[in-house]
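Chain order of the listed sequences is A and B. Residue 42 in my numbering sits at position 32 of the first sequence, and the numbers go up by one each step. Residue 1032 in my numbering sits at position 563 of the second sequence, and the numbers go up by one each step.
No lab work stands behind these hints, which were simulated from the structure alone. These numbers were taken from a predicted model, which means no experiment stands behind them. Note that beta-carbon positions come from the ideal geometry of N, C-alpha and C, so glycine has one too. Hints are supplied without guarantee of correctness; some may be wrong.
[What the hints assert, rightly or not] Partial pick of chain B residues on the chain A-facing surface, computed with a CB cut under 10 Å:
{"id": "1", "residue": "THR506"}
{"id": "2", "residue": "GLU545"}
{"id": "3", "residue": "ASP619"}
{"id": "4", "residue": "GLU689"}
{"id": "5", "residue": "ARG698"}
{"id": "6", "residue": "HIS730"}
{"id": "7", "residue": "SER785"}
{"id": "8", "residue": "GLY791"}
{"id": "9", "residue": "GLY856"}
{"id": "10", "residue": "PHE907"}
{"id": "11", "residue": "ALA909"}
{"id": "12", "residue": "ALA913"}
[Stated by the list, open to error] Result set (DSS-like, lysine-lysine): computed pairs, CA atoms no more than 25 Å apart in a straight line:
{"id": "13", "chain 1": "B", "residue 1": "LYS766", "chain 2": "A", "residue 2": "LYS109"}
{"id": "14", "chain 1": "A", "residue 1": "LYS109", "chain 2": "B", "residue 2": "LYS949"}
{"id": "15", "chain 1": "B", "residue 1": "LYS940", "chain 2": "A", "residue 2": "LYS109"}
{"id": "16", "chain 1": "B", "residue 1": "LYS1060", "chain 2": "A", "residue 2": "LYS109"}
{"id": "17", "chain 1": "B", "residue 1": "LYS1049", "chain 2": "A", "residue 2": "LYS189"}
{"id": "18", "chain 1": "B", "residue 1": "LYS1083", "chain 2": "A", "residue 2": "LYS189"}
{"id": "19", "chain 1": "A", "residue 1": "LYS189", "chain 2": "B", "residue 2": "LYS1035"}
{"id": "20", "chain 1": "A", "residue 1": "LYS109", "chain 2": "B", "residue 2": "LYS790"}
{"id": "21", "chain 1": "A", "residue 1": "LYS189", "chain 2": "B", "residue 2": "LYS1060"}
{"id": "22", "chain 1": "B", "residue 1": "LYS1035", "chain 2": "B", "residue 2": "LYS1019"}
{"id": "23", "chain 1": "B", "residue 1": "LYS1035", "chain 2": "B", "residue 2": "LYS1083"}
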Amino acid sequence: MEQPVCGEFTFLTGKGMSAMVSSNASSASVVEESTVPGTDLGAVDNILEQHQHDSTELIAILLDVQDVLGYLSPLALTHISEHLSAPLTEIYGIATFFKQFRLDPPGRHQFTVCTGTACHVRGAVHVVDEFERRLGICAGETTPDLEYGLETVNCIGACALGPVVIIDGDYVGQMSAMKVPRLLRRLERDREEAAE
Amino acid sequence: MSKVEAIRSFAELEDLHGVLVERRQGERPRISVCTGTGCVACGATKVVETFKKILDEKGLSDSVELKSTGCHGFCEMGPLVTLGPSGYFYPSVRPGDVQKIIERTVLEGEIVEELLYKDPQTGEKVEHEAEVPFYKHQQRIILAENGHLDPNDLEDFIAIGGYKALAHTLGSMSPDEVVDSVTRSGLAGRGGAGFLTGRKWDIARRQPGEPKYIVCNADEGDPGAYMDRSILEGNPHRVIEGMGIGAYAIGARQGFIYVRHEYPLAVERITKAIDDARSACLLGEEILGTGFSFDLKVVRGAGAFVCGEETALIASLEGHKGEPRQRPPFPAESGFQGKPTIINNVETWANVPHIINNGPDWYAAYGSKDSKGTKIFSLVGKVNNTGLVEVPMGTSIRSIVFDIGGGIPKGKAFKAVQTGGPAGGCLPAELLDLPIDFEALQEAGTIMGSGGLIVMDEDTCMVDVARYFTKFLEEESCGKCYSCRKGTQRMRELLDDICEGRGTMAHLDLLEELGQAVNTASMCGLGQNAATPMLSTLRYFRNEYIEHIKDHNCSAGVCTALIRYKILEDLCDGCAACAKVCPVEAITGEKDQLHVIDIEACVKCGTCLEVCAKDAVVVISGGGE
Chain A
11 MEQPVCGEFT
21 FLTGKGMSAM
31 VSSNASSASV
41 VEESTVPGTD
51 LGAVDNILEQ
61 HQHDSTELIA
71 ILLDVQDVLG
81 YLSPLALTHI
91 SEHLSAPLTE
101 IYGIATFFKQ
111 FRLDPPGRHQ
121 FTVCTGTACH
131 VRGAVHVVDE
141 FERRLGICAG
151 ETTPDLEYGL
161 ETVNCIGACA
171 LGPVVIIDGD
181 YVGQMSAMKV
191 PRLLRRLERD
201 REEAAE
Chain B
470 MSKVEAIRSF
480 AELEDLHGVL
490 VERRQGERPR
500 ISVCTGTGCV
510 ACGATKVVET
520 FKKILDEKGL
530 SDSVELKSTG
540 CHGFCEMGPL
550 VTLGPSGYFY
560 PSVRPGDVQK
570 IIERTVLEGE
580 IVEELLYKDP
590 QTGEKVEHEA
600 EVPFYKHQQR
610 IILAENGHLD
620 PNDLEDFIAI
630 GGYKALAHTL
640 GSMSPDEVVD
650 SVTRSGLAGR
660 GGAGFLTGRK
670 WDIARRQPGE
680 PKYIVCNADE
690 GDPGAYMDRS
700 ILEGNPHRVI
710 EGMGIGAYAI
720 GARQGFIYVR
730 HEYPLAVERI
740 TKAIDDARSA
750 CLLGEEILGT
760 GFSFDLKVVR
770 GAGAFVCGEE
780 TALIASLEGH
790 KGEPRQRPPF
800 PAESGFQGKP
810 TIINNVETWA
820 NVPHIINNGP
830 DWYAAYGSKD
840 SKGTKIFSLV
850 GKVNNTGLVE
860 VPMGTSIRSI
870 VFDIGGGIPK
880 GKAFKAVQTG
890 GPAGGCLPAE
900 LLDLPIDFEA
910 LQEAGTIMGS
920 GGLIVMDEDT
930 CMVDVARYFT
940 KFLEEESCGK
950 CYSCRKGTQR
960 MRELLDDICE
970 GRGTMAHLDL
980 LEELGQAVNT
990 ASMCGLGQNA
1000 ATPMLSTLRY
1010 FRNEYIEHIK
1020 DHNCSAGVCT
1030 ALIRYKILED
1040 LCDGCAACAK
1050 VCPVEAITGE
1060 KDQLHVIDIE
1070 ACVKCGTCLE
1080 VCAKDAVVVI
1090 SGGGE
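The whole structure should be built from the sequences, with the hints applied where relevant.
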């Protein structure tokens, strides 16, 4: 198992921007399929409607869109830009300024490792490293099959349980590098059972 | 829980209060389960479900009250359950304990001995929450209410005298009298800056611009601090009431609650509380039948530490990137959309009704000479009793860490406590008797911040801690000021050098010079304290830096470039447990024979150390063998 080389400013070179540039040129030709994450523009329209197409509500709009689509897809961002008559650069600026926003699709199973101070002094970094090794991705990325996503968060306020990992919304406390493989095996087993 | 109908006069509020108090007398047996985030993470939801199920099965659902309350603060021991009217307290309750609790305590009034909290110091069992050492040494004004309230039930809040302060303010105080009361109480901003709240209100009140706005800053971005979330989740109406009083004082008709999107439960509860307050005529048009109207809107933050800074928060409220701007003009003069705007943090707002109810002198009697009232701290890290602690300002660090926190786990030595969040500083053992108030902390080279207290023991490397915070600030710097944007990066690179064995003594001089420049030349609170974690550790733990540089020794065994793992020959029994779990297969050895770690392949994850039952794996640093 190799430790992936994880750069520090991934968003500057990340897939988000290049995907956006290419989709910008050909957004009309993108085939809408409900199976492809991030293409449900009907949902985006509903959200724009709820916020009355008010561009001062941009942050709330982006949060809502992400809640529905799982991430801010290039298609969704260009769509929002057109409908709010706001430049795409401004929207991209906001989407990259705030930590909450994701420009790549999340995994079907999402691991969120808390790296707040209390978790850090109890060894959260080893937990992140182990996830990166086992999944072959860096924090902030998703496996190519979109099965697993890994991200870190600054603090979730469950400091008594640190290090904490949130797995699909459930809190798992007192984590360590050693417990990571067991956790992954359990998920793999569930997945195989579901497939059968 | 029933919906509260519109209350159209002070008399109606008083009547309702009377009815609710009476209804609660001769109480039914009550089971309160803490459902704050800490307890939920420990399984509180399942415990509540189990209570519900068994009460249903036994036909007790009507005769026994089951209540999900806000955070009690003792997160280490969650899920917490208290029983009424006896007041018995059971920590760490599992679904399997529920049957026992119902049959023995609720129905028979007996104590379930084995579920009681055991004082680790004396070994004695404790029956009531208030007698637990963790609570005994606290002075809980704000947090005490959390344990009694169902945050989703407005009636509950009115029953404990909720919205009485708002009614009193609207009925018998002029706005000037409110400002004067808050000023005389000595209440200072609980978000960390420590500016007198009353004085800030006075500035906004005198400003000519209309309309005026008030904001509740619930963008709690300090890792390791979660008191604001607990208040918002556990007692949302107290915050709404405080904001109503503030709005009346400065003449605002519209307010915002700016809360992190990462706190979904807080968003949900405050949104519901606002709706309930509005339909009860405690918010919105003509509050309590008076001519005063004021409404609130919840705005979600999208995760940016810098948005805790007032001007950055305002930019984000307006739908822009959260970049701060130069002050003056201060938001109290020119804030949201250029209008006078008062921003106070959650804890500050929650204090206001108590000051109105009990008077400014009562409030000022708590605390130290210059810092008044109580303060909530979140006590986390290497400490036995993790949780939220409310004490009078001026309480010593020793009292908080040892009397309340129960000291350091596993008999390890206390090394430092970090205050003030990522832009705060670390204080060493010599300063354990320092009273915590705004002035004393500043003199010691750190800040109060929002009240995070992170305890560190001998296994914490102070250089690594400095690097952790500097990296955090580097990532959170908005990039507007060069000194902060580039300064945090360069400081982090220098700290990387030291942690990875490339440091020289010249690094320390450079760090100090750079740190002074960053703190002096940056514009907002983030940049002006960006070097504080590094400077404070350098001031109090300089030797640790020098050990890293001269001996390549990280005595805490944290900096991976300077440590290696070794298996001790005389302790290893060759069980191969370490070889099985090593993620990089760096451990080899025959069964029942000494195992060896391949240092080249080892990634220093510590898994072997954790799994070894014989304590045969050790960390070595520097020249040590």
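Okay, the hints, checked on the actual structure:
no.	hint	result
1	THR506	holds (6 Å)
2	GLU545	holds (5 Å)
3	ASP619	violated (21 Å)
4	GLU689	holds (8 Å)
5	ARG698	holds (6 Å)
6	HIS730	holds (5 Å)
7	SER785	holds (7 Å)
8	GLY791	holds (7 Å)
9	GLY856	holds (7 Å)
10	PHE907	violated (21 Å)
11	ALA909	violated (22 Å)
12	ALA913	violated (19 Å)
13	B:LYS766 / A:LYS109	holds (23 Å)
14	A:LYS109 / B:LYS949	holds (17 Å)
15	B:LYS940 / A:LYS109	holds (15 Å)
16	B:LYS1060 / A:LYS109	violated (49 Å)
17	B:LYS1049 / A:LYS189	holds (13 Å)
18	B:LYS1083 / A:LYS189	holds (19 Å)
19	A:LYS189 / B:LYS1035	holds (21 Å)
20	A:LYS109 / B:LYS790	holds (12 Å)
21	A:LYS189 / B:LYS1060	holds (24 Å)
22	B:LYS1035 / B:LYS1019	holds (22 Å)
23	B:LYS1035 / B:LYS1083	holds (13 Å)
Checked against the numbered hints given earlier, the structure breaks hints 3, 10, 11, 12 and 16 and satisfies all the rest.
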